[in-house]
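**Q** Chain order of the listed sequences is A and B. In our numbering, each residue carries its 1-based index in the first sequence increased by 15. In our numbering, each residue carries its 1-based index in the second sequence increased by 40.
To be clear, the hints were calculated from the coordinates, so they are not data collected in a lab. Backbone N, C-alpha and C fix where the C-beta goes; we use that ideal spot for every residue, glycine too. Check the hints yourself; a few may be wrong.
What the hints assert, rightly or not - Think about it this way: if two alpha-carbon atoms lie no more than 25 Å apart in a straight line, the pair counts; the simulated SDA-like pairs of lysine to any residue are:
no.: 1; chain 1: A; residue 1: Lys153; chain 2: A; residue 2: Thr110
no.: 2; chain 1: A; residue 1: Lys150; chain 2: B; residue 2: Ile152
no.: 3; chain 1: A; residue 1: Lys150; chain 2: B; residue 2: Gly64
Stated by the list, open to error - What follows is a list of derived Cβ distance ranges for each label pair:
no.: 4; chain 1: B; residue 1: Ile296; chain 2: A; residue 2: Thr73; range: 22 to 32 Å
no.: 5; chain 1: A; residue 1: Asp126; chain 2: B; residue 2: Gly86; range: 51 to 61 Å
no.: 6; chain 1: B; residue 1: Ile262; chain 2: A; residue 2: Val82; range: 27 to 37 Å
Stated by the list, open to error - Stretches of chain B that chain A covers, calculated by requiring three or more beta carbons in the stretch to come under 8 Å of a beta carbon on chain A:
no.: 7; stretch: 81-89
no.: 8; stretch: 151-164
no.: 9; stretch: 167-181
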Amino acid sequence: MAADLLVADRLTRRFADRVAVRDLSLSVASGEIVALLGPNGAGKTTTMRMLAGLVLPTAGRITINRVEVTGATAGAARRAIGLLTEAPGLWERLTVRANLLTYARLQGLADPGGAVERVLEQVDLADRAHDLAGKLSKGLKQRAALARALVHQPPVLLLDEPTSGLDPASARHVRDLIAGFRQDGRAVLVSTHNLGEAEALADRIAILKTELLALDSPPALRGAGEGATVSITFEDGTTQAVAVTDLADVPAIVERLVHEGRRIISVVPQRRSLEDVYLQLVGAEP
Amino acid sequence: MNPSWQRITALARKDAGELARNPGAILPALAMVLGALFPPFLVVVGAPMIAGRTLEESGEFAGAVDAIPVIPELAALSGNALIQAFVFHQFSLLLLLVPVVAAMSLATHAVIGEKTSKALEPLLVTPISTVELLMAKTLTPFVFALALTWLAAVLYLIGIGVVAEPGVWQAVLGARTAILFGLLGPLVTLAALQLSVIVSSRATDPRSAQQLTSLLIVPITIVFVAQLMGAFVIGPAALLLGAVGCVALNAILLWIGVVTFERETILTRWR
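Pulled out of the complex, with its shape left as it was, chain B reads as follows:
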């Protein structure tokens, strides 16, 4: 039986209505936006103000020149502008945590909401199929998490345009950023959502579900810290490779979801 969009959107609309009335689910995601946006501006604006010298004078990011072959957009810049653009590129990876945290928070609420309100049993008596239920539970958090990520990206670019030297925001708004937010962001969001829904539905206690799902933050953080420490520079090609990996991860998660989800299991676990 093909999934019915009428049923999927009916449940997704319901979830959106509940989400709009549940600030507790949205706040962690909003906090993550601020948390991800703050550090690069602290480094680019705050640190030079405190130290009394520019990033170029500090010599902290001398490796920025080496990044030019990997991130060609940087080639148009030099001096302090080059370093600023390099730093903003480096920190843009941190914004990937926005959809992950948003997805985790929202999907967990979407699932746990059904548990706590004991709404699952009547819901499962409707003709909605397990696949439709999973898709519906993913749709609203996906749209919200993605919208929030793109909002964060827009705020990031506006902030860069306001505080950075001329030419920096144009250097940040290139292929690398487009892949990061246009391709990798949605794929990471989808993976986080699938993992959240699967873990939440299998776990017997919501807290352990959130802890398990938060494991997805670890690889992103490791990659972010490693590139910040100069271990490597992540360019568009590496991001494309990451996107391919994410496609594979999503396929595996989808397979796990479809194989392991049974109405009876959901009913007995989501309580």
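Chain A on its own, in the form it takes in the complex:
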């Protein structure tokens, strides 16, 4: 079983009398991608910031790369983290290489130049190394920001809205890069609003609305919750959606319909979408 590289244990953060995050516990193992979903103001950014050591939790504990984060270990913990912020946050008057070189030096790497060359290859940006960051397209800026998060090859990656505002091709490229981190054995926590992205990318999905509402694999989440729907198609071509509290009730329903003389062509349980589950959990109207 892969080791947990990122552990949040009962994290709470208050801002004055407002609770941004309450009693949040989750872990991300080596080679695992966990998506953090939640509506605006749900506490995703605060959670990311607490995990990155930027904001102190009011209560709770954080363990990064098997080391509990305290005042004394905060520096070491930050070395184990790569953070991709929602805005790329590049120094636009400098080249991509100069941006990355500064971070490689700040991380205290022995061979900053070599580390930059390697990470540029990793994110497929080597040919743009000498371009000014400000001249890059949004997609390329995001890849440069990803390279920045990776330059010291951290075991834990925190990615805040990594594909926000990107065109489909750029978003796909970034998603492919993130998916590759699984093979590298990194623990990846991705904050996103994109349910499809979360479903496609994540091994587990955490749904947050101040508190953690759910944390499970996408198939398990889709199967969770109250009730299900069965689509029954009859010989006359009509289709009826029947809500059931449990799929075990379906044979009895079919039996009753046959007894009533209805001729059934097919009975198909309808898979609930992640969106249905999400909206049900966060309490928003679909």
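We have chain A already, so just place chain B on it with the hints.
**A** Okay, now just chain B, sitting in the frame of chain A:
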């Protein structure tokens, strides 16, 4: 944990690279150099040309003789040369505004640059400590502001050598000038930088940060105007006293910086 020079210089080098590509940050400082150099030459060269009589004949600076005990370098001169040297000494204080304006402009850009490019959050996730961050943010503007001040001083002396009467530049290049540019200049620069960084990081809007920091210009201007009006003559001893005051001010600002700066505060304020 001791500050890491590797991290400090990494960020300072980055700031220098950005500064070199940002004329908007440098121009106010360059304008201040010209603004500080122009008035004394206007008084010493322009005014006599316009009036058709020397400064000695005008009697405007009759108090120059009284300054000799305070500024001993003036003792070797007499007549118009004495008055010219006295005026140049008086106006040299104006050059202290060069590092202040440069520091304000550059430090504010260094801080606000991180805000506007939203580069602060990824920066704070690196192992850089708050003290290292403050030192790095101060280093590049300090070097630049000081270099600019010394450049202004050299231009000042060259200008004096070219336009003033014989012996004047030697009288200006004495202990008073050495203290002014070698000791007080760096200390004033450091104070201006610390104040700029502290105010910029605490203020929510860059303009109010610049306005607050510009308060440092006020005492220098008051002292400059007062001595120009003959209220007192500032000699090497007074400048040394000012330097001691600046050391105290820097210590207080450093204490404020260290005590009040927290990663979380910087993150939430520098946005």
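**Q** Are the hints correct? Go through all of them and say.
**A** Right, here's what the structure says about each hint:
1. As the CA atoms of lysine 153 of chain A and threonine 110 of chain A are separated by approximately 15 Å, the hinted pair is consistent with the 25 Å bound.
2. A hinted pair counts as satisfied when its Cα atoms are at most 25 Å apart, and lysine 150 of chain A with isoleucine 152 of chain B qualifies at roughly 20 Å.
3. Straight-line distance between C-alpha atoms of lysine 150 of chain A and glycine 64 of chain B comes to about 19 Å, which keeps the hinted pair within the 25 Å bound.
4. Checked against the given bound of 22 to 32 Å, the beta carbons of isoleucine 296 of chain B and threonine 73 of chain A, roughly 26 Å apart, stay inside it.
5. As the Cβ distance of aspartate 126 of chain A to glycine 86 of chain B is approximately 59 Å, the hint placing it in 51 to 61 Å holds.
6. The hint said 27 to 37 Å for the Cβ distance between isoleucine 262 of chain B and valine 82 of chain A, and at roughly 55 Å that hint is violated.
7. Three residues within the 8 Å Cβ limit are the bar, and the stretch 81-89 of chain B against chain A gives 0, so the coverage statement is violated.
8. Look at the stretch 151-164 of chain B against chain A: 9 of its residues bring a Cβ nearer than 8 Å to a Cβ of that chain, three or more, so the hint holds.
9. Counting residues of the stretch 167-181 of chain B whose C-beta lies closer than 8 Å to any C-beta of chain A gives 3; at least three are required, and the coverage claim holds.
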